[in-house]
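A.B. asks: The chain contents come next:
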Amino acid sequence: MAEVMGRAAPNRRSFLKGGAGLLAMTIMPSGLIVGQAWSQMPQATKPETFATLVQMSRDTYPHAMIEDKYYAVAVDILDQAARASEGDLAMLEDGVAKLNDAARTKHDKDYAAVVSDDDRAAILKAMESDPFFQKIRSNLVVGLYNQKELWPMFGYEGASADKGGYIERGFDDIDWL
Amino acid sequence: MPAPYDLNDDSVAVIVGSGAGGGTLGTQLALKGIDTVILEAGSRHETEDFINDEWDSFGQLAWKDKRTTSGDWQVAKDFPNLPAWIVKAVGGSTTHWAGASLRIQEHEFKTLTNYGAIEGANLLDWPIDLKEMEPWYAMAEDRMGVTRTNGIPGLPGNNNFKVLEAGAKKIGYKEVHTGRMAINSEPRDDRASCLQIGFCFQGCKSGAKWSTLVSEIPKGEETGRLEVRPDSQVLRIEHDASGKVTGVVYADKDGKEHVQKARIVAVAGNSIESPRLLLNSQSSMFPDGLANSSGQVGRNYMRHTTGSVYATFDKPVHMYRGTTMAGIVQDEARHDTSRGFAGGYEFETLSLGLPFMAAFLDPGKWGRDFSSAMDEYRNMAGLWIVGEDMPREKNRITLSDSDKDAFGMPVANVNFDDHPNDTAMRNHAYQQGSAIYDAVGAVRTIHTPPYPSTHNLGTNRMSEKPEDGVVNRFGQTHDIPNLFVSDGSQFTTGAAENPTLTIVALALRQADHIAGRMASGEL
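As given, the protein sequences belong to chains A and B, one line each in that order. Position one of the first sequence corresponds to residue 1 (our numbering), numbered consecutively onward. Position one of the second sequence corresponds to residue 1001 (our numbering), numbered consecutively onward.
Just so you know, not all the hints are guaranteed correct.
Straight line, CA to CA, 25 Å or less: simulated DSS-like cross-link-like pairs of lysine-lysine [said to hold, decoys possible]:
#1 A:K69 with B:K1365
#2 A:K148 with B:K1365
#3 B:K1365 with A:K135
#4 A:K148 with B:K1315
#5 B:K1365 with B:K1064
#6 A:K135 with A:K69
#7 A:K148 with A:K135
#8 B:K1404 with B:K1253
#9 B:K1244 with B:K1261
#10 A:K125 with A:K135
#11 A:K125 with A:K98
#12 B:K1365 with A:K98
#13 B:K1077 with A:K135
#14 B:K1365 with A:K125
#15 B:K1077 with A:K125
#16 A:K163 with A:K46
#17 A:K135 with B:K1064
#18 B:K1077 with B:K1365
#19 B:K1032 with B:K1261
#20 A:K135 with B:K1066
#21 B:K1110 with B:K1394
#22 A:K148 with A:K125
Rather than coming from a laboratory, the hints here were simulated on the basis of the structure. Keep in mind that this is a model prediction, so the values were computed, not measured.
Sequences and hints are given; from them, build the entire structure.
C.D. replies: What follows is the structure, encoded as structure tokens:
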């Protein structure tokens, strides 16, 4: 695997949102570029599978302002469960295989290498009744949106009793009505 | 005899559940000198234990014991094992509630008379009326410290309310204010005033919100005649050969079963567990369950016509700052069939934090359409619709054929089909809700389907005649003189108002009635 420093292909911009400067990347055999940090996380799923699940998660609940690492934290919940359950692991691996099959049939590429966001969303739409898709989706509802580090990005301020509530912190400060 | 009580003490009043009904009844009986045991399935979490985090709090307080669902209601599709969001803890759902304390209206006590018979609905007049309830409502409002009563000022309006108010007034609504709330707007009854924390649903950490946990039970315990026994899940009610109840079987936190003897038993486990308990108490003498000669135990389950409207704007609202139910629009709570349905509904502000918004804004929805709404979270305002839904005989709690709980007892199944009146009302409310927000520049409005039910009513309803319901005008079961129902399952119909004030008023009145009957030797 070649190590590549610096810019990735234009639609892989999201992989670079990890912060200032350049991220070390790894190019997988399929051409998928993965953040080096994850490719070295202990995983039940294959590194390419994990990376594909991250992309799939982003496509399920796309937020340009959220870096891949947050989606990866959510996927890791499923990966951890898969470490203890062959059935769970099979569902993830088989699910990604099916995803890639669908992508190759339509676009001659693996899922994560399909360039257009809308094309990838269409592939997911076609399998939205699939238990595999529903597992990925429902995992994100809590696995993604319950990460406290994300909350400020949405303007949610979290716990408030420890700060004396909002009575002196803008509970009625709306000024545009 | 002071608390705690011996299992074999058959002189005690035993109450199942410590919420608005059970907690208030138990306290009031104790204040009247009657030895009382409240058996509460959940644990005791005090104010300092509450958590300002939606999922963690849900883990701490919510009733998560298995239930199943059926019927065409959307909750069965979106949340098949969570038909209701209620509490398993001392204080019951009064720890979780938003504090809205509204009286049922005069016409709503007599829906069969006022709406007429509606096909597919099991309407019935309550055996009581507003006039009879007025002194009890007044007592409850004073007890709970309801704003806009007893000289208590209304709470200040937060951002979410201001958006609602501006939009509502713009489209011509007149009855718009910050509500009649059982939340202190100034210190009262040894409780602090509201800090606008915004986690009302997760247990009030300032103590400003009334609950039986902080406001009733301590007063009862102080008399020495109230014992609240937590982690005690009642499984069955026992009776003797004459058909009188004699005690209850309950499981402690280790799962060990005990029998607490009782002089009277009052069931107040909320509207899913209360009928379930009566049904699970079947015997050879009562093969259809206790107090079920009418066949109405478990039937007529109502959950209010609910739904939400969330609106996004192009400027910040921060709706989560401050009280969850920060205000109300009451104009639509009238009976006016020119709108296409019987009965009415209230608009009340509502807010969810980011985590619960993801789960409930549009269950199952995904993709850019959904995530783009979530991106606008800081610019969102929201309201909840509370409307009168129709009682139906087939909307009912039954015992599951297949699923049993940890103690081997059949779990509850909640079956519900929307009545056309419910659907027409909800659609009208969605439209009007959008109109409110459009009037002040909403970019987008979202019609959120009903959440797991937080208002659960009607499953042991009051009736004049024994063949029409389960309990009489005092919540005493028609069939068994020393068996009572004390929670919202007593409601004959649901009205358009949040139920807690009425549950508390009924409990205060019931305590009076029970005490009188005990004094005369009847009980």
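A.B. asks: If a hint holds in the structure, say so; if it doesn't, say that too.
C.D. replies: Status of the hints after comparison with the structure:
1. For the hint pairing A:K69 with B:K1365, the CA-to-CA distance comes to about 23 Å; that is within 25 Å, so the pair holds.
2. Our distance criterion of 25 Å between C-alpha atoms is met by A:K148 and B:K1365, whose separation comes to about 22 Å.
3. Between B:K1365 and A:K135 the alpha-carbon distance is near 13 Å, which keeps this suggested pair within the 25 Å criterion.
4. For the proposed pair A:K148 and B:K1315, the alpha carbon gap of about 23 Å is at most 25 Å, so the pair holds.
5. About 24 Å separates the Cα atoms of B:K1365 and B:K1064, which keeps this hinted pair within 25 Å; it holds.
6. The hinted pair formed by A:K135 and A:K69 meets the criterion: a straight-line CA distance of about 19 Å does not exceed 25 Å.
7. Among the hinted pairs, A:K148 with A:K135 is consistent with the structure: their alpha-carbon atoms are about 22 Å apart, no more than 25 Å.
8. Simply put, B:K1404 and B:K1253 have alpha-carbon atoms about 18 Å apart, close enough for the 25 Å limit, and the pair holds.
9. With a CA separation close to 12 Å, the supplied pair B:K1244 and B:K1261 stays within the 25 Å bound.
10. Distance check on the hinted pair: A:K125 and A:K135 sit about 14 Å apart at the alpha-carbon level, within 25 Å; holds.
11. Between A:K125 and A:K98 the CA atoms are separated by roughly 13 Å; this keeps the pair inside 25 Å, and the hint holds.
12. Of the pairs offered as hints, the one joining B:K1365 and A:K98 holds, with about 22 Å between alpha carbons and a cut-off of 25 Å not exceeded.
13. Simply put, B:K1077 and A:K135 have alpha-carbon atoms about 16 Å apart, close enough for the 25 Å limit, and the pair holds.
14. Distance restraint check for B:K1365 and A:K125: the Cα-Cα separation of roughly 11 Å lies within the 25 Å cut-off, and the hinted pair is therefore satisfied.
15. Between B:K1077 and A:K125, the direct Cα distance comes to roughly 19 Å. Compliance with the 25 Å bound is thereby established for this hinted pair.
16. Proximity of A:K163 to A:K46 is assessed by CA-CA distance (about 44 Å); at most 25 Å being required, the pair is judged violated.
17. In summary, the hint linking A:K135 to B:K1064 is supported, as the alpha carbons are separated by about 21 Å, within the 25 Å threshold.
18. Straight-line distance between C-alpha atoms of B:K1077 and B:K1365 comes to about 13 Å, which keeps the hinted pair within the 25 Å bound.
19. A hinted pair counts as satisfied when its Cα atoms are at most 25 Å apart, and B:K1032 with B:K1261 qualifies at roughly 20 Å.
20. Restraint check for A:K135 and B:K1066: the C-alpha separation of about 21 Å stays at or below 25 Å, so the hint holds.
21. At most 25 Å may separate the alpha-carbon atoms for a hinted pair to count; B:K1110 and B:K1394 meet this at roughly 21 Å.
22. Distance restraint check for A:K148 and A:K125: the Cα-Cα separation of roughly 29 Å exceeds the 25 Å cut-off, and the hinted pair is therefore not satisfied.
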